[in-house]
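Colleague: Please build the complete structure, drawing on both the sequences and the hints.
Protein chains: 2
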Amino acid sequence: MAARSGEFDLIARYFAPIAARSPASLALRDDAAVFSPPQGHEIVVTTDALVGAVHFRSEDDPANIACKVLRVNLSDLAAMGATPSGVVLTTGFNRGVSEDWIAAFAKGFGEDCARYDVALLGGDTVATPGPSFFSLTAFGSVKSGQALRRDHARIGDLVAVTGTIGDAALGLAVLQDRLTPDNDADRDHLTGRYWLPRPRMATGQICATLGRRIAAMDISDGLLGDARKVAVASGIGIEIDRTKVPLSDAAQNCVKNADDWWDIILDGGDDYELLICAPDDVMAQLDDQVTIIGRVTDQAGKVFITGPDGKMVEAVSHSFDHFSER
Amino acid sequence: MAARSGEFDLIARYFAPIAARSPASLALRDDAAVFSPPQGHEIVVTTDALVGAVHFRSEDDPANIACKVLRVNLSDLAAMGATPSGVVLTTGFNRGVSEDWIAAFAKGFGEDCARYDVALLGGDTVATPGPSFFSLTAFGSVKSGQALRRDHARIGDLVAVTGTIGDAALGLAVLQDRLTPDNDADRDHLTGRYWLPRPRMATGQICATLGRRIAAMDISDGLLGDARKVAVASGIGIEIDRTKVPLSDAAQNCVKNADDWWDIILDGGDDYELLICAPDDVMAQLDDQVTIIGRVTDQAGKVFITGPDGKMVEAVSHSFDHFSER
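Protein chains in written order, with my numbering: chain H, 6 to 331; chain B, 6 to 331.
The set of hints was computed from the structure by calculation and includes no laboratory data. Cβ atoms here follow ideal geometry from the backbone N, Cα and C, with glycine treated the same way. Any given hint could turn out to be false.
[Stated by the list, open to error] Label pairs and their calculated CB-CB ranges:
#1 H:22 <-> B:100: 35 to 43 Å
#2 B:17 <-> H:216: 29 to 37 Å
#3 H:156 <-> B:187: 26 to 34 Å
[Claimed, not checked] Far from chain B by the CB rule (all over 12 Å, computed), these chain H residues:
#4 81
#5 97
#6 105
#7 108
#8 134
#9 211
#10 297
Modeller: And the structure:
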């Protein structure tokens, strides 16, 4: 076997070309990168990591892993209404991964940076004896004072989501052989939603531009669990009508076969859709970008859900938690 | 054994109190943090990770690991002349570490954030089956256009360093039982320099404030290897006089016993002192903050070193590289 490239070679070969697009990166040569937010804007910063044997398996497609670590962070920017500008990436490659694996990771990452128009501003590359890990920090900008926040929900607001809910969690169930979809199209849709979330950049940015009081967060840990976080942060309650929760055709096929999948749809993570609470007239402006699923109440910190039988029950969350036994 | 706290509990218990000092962190509750650079300033960003079994061992003091991951990043900011403002931290704790270990890590981290006046703006906490890892991204600000850079060295510049060189690499040799110091004071000094680098914030900021052409980088991978990076980036050569390289008393005792330790001193990493190239009159202004060790020449990309015998040889670097076999 040929000798492994050194760390600096790896950076030069695979990551410097991605960084070369941004003058701020100083071509990954300096100690740090330099950039400025547009006049009158604030910097929004977020960080999220994907870890082997926790968030992905060694046999998974490296390009999917690369895209996902970028997109989950962009989704956090979307939830603040920010426009992304750059990222820094720490890669901890397991010593056993091939250079082909690293090349495929870098290729997927570079393509996704171009797709979302974000610059790779810097990073760190380490070889680890443990599972590979990828830690990304993303920066964006938002007009000063206009960032969306979780604590902005008020009693009487409507509650809405973007896209469809539950696909990613069902996709994970497919990947783990716990769910067999009716057909290949459903399988591809659900697993695709798990691997390649579509951060809701446009909707987040429109919300920030409206300049109104809007609460938002991205649904990474499950609709009910994340709704509770908004409820706690804002000191309000949230009532969700299950019959209004938007499902994809593939998810509808799942619950048609077994009603139990509703638990996964409502509690599972990885959708990266936006949960938005805002007054009626704001929701009217968002129009077909969101689906109204409920209303904000005075039951501080609590989430209730109404089923097809019309009965309302308090939702008990089983949000994904890496430190808990499952 | 008591049940492990969940991820959200861990963040709330150990990291939220550190973050509470900064309004920008939104108390680690929102999807992302929001901050602004001072008027007329640019943002400087850098990222560096420490990985178990690569950069530290599981029996090492968690507070030292916490301080080191912060300080190596602050050192990158110092090398750009930036004033630190905030950090985001991803912690990947091995599933076997105790909550006491996590508490000690967080305590050390919080104290060091206070010491350097940096805010914890956000983070991510994951449990991993592999070695623990810590990935930190640091932000600072510098007056627009005044960031120090590696490519600013010019022929005729003086070459200088802050502090003393080689202590950290000798400290690592002590920790690995490859070196037995003459006395306990030397042992403590050398190992202390390995664990607790002192990022040269003040010297870096003064350099940026001078508004002159100054090349700088922090010496993380060894004096000779890092000098070569400046030489390559600036398209110049660097001549270093070994007899002028500043050594601590402890390092002097080592080379008195065995001249071979010079290789470790010149090639070893982890000093986090600054390497500075600037015209004579700029160096005069830096005065006792730096020691002149050489001069910039026209031998593009090359580093030469003169020994006590007066003979000059080209330096061959063995800079630490996590991907190479050593």
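Colleague: So, for every hint listed, does it hold in this structure?
Modeller: Against the structure, the hints come out as follows:
1. With their beta carbons about 37 Å apart, residue 22 of chain H and residue 100 of chain B fall inside the hinted range of 35 to 43 Å.
2. Separated by about 32 Å at the C-beta atoms, residue 17 of chain B and residue 216 of chain H satisfy the suggested range of 29 to 37 Å.
3. The supplied range of 26 to 34 Å is broken by residue 156 of chain H and residue 187 of chain B, whose beta-carbon atoms lie about 59 Å from each other.
4. Residue 81 of chain H, annotated as away from the interface, has a beta carbon of chain B within 12 Å; the closest lies near 4 Å.
5. At the 12 Å boundary, the C-beta of residue 97 of chain H falls inside the reach of chain B, the nearest C-beta of that chain being 6 Å off.
6. The non-interface label for residue 105 of chain H is consistent with chain B: the shortest C-beta to C-beta separation is roughly 15 Å, beyond 12 Å.
7. Even its closest Cβ contact with chain B, about 14 Å, leaves residue 108 of chain H beyond 12 Å, as expected for a residue assigned away from the interface.
8. Chain B draws residue 134 of chain H into its interface by the beta-carbon criterion, the shortest separation being 5 Å against a cut-off of 12 Å.
9. Every CB of chain B is more than 12 Å from the CB of residue 211 of chain H (nearest about 17 Å), matching its label as outside the interface.
10. Listed as a non-interface residue, residue 297 of chain H keeps its Cβ farther than 12 Å from every Cβ of chain B; the least gap is roughly 22 Å.
Hint violations for this structure: numbers 3, 4, 5 and 8, all remaining hints satisfied.
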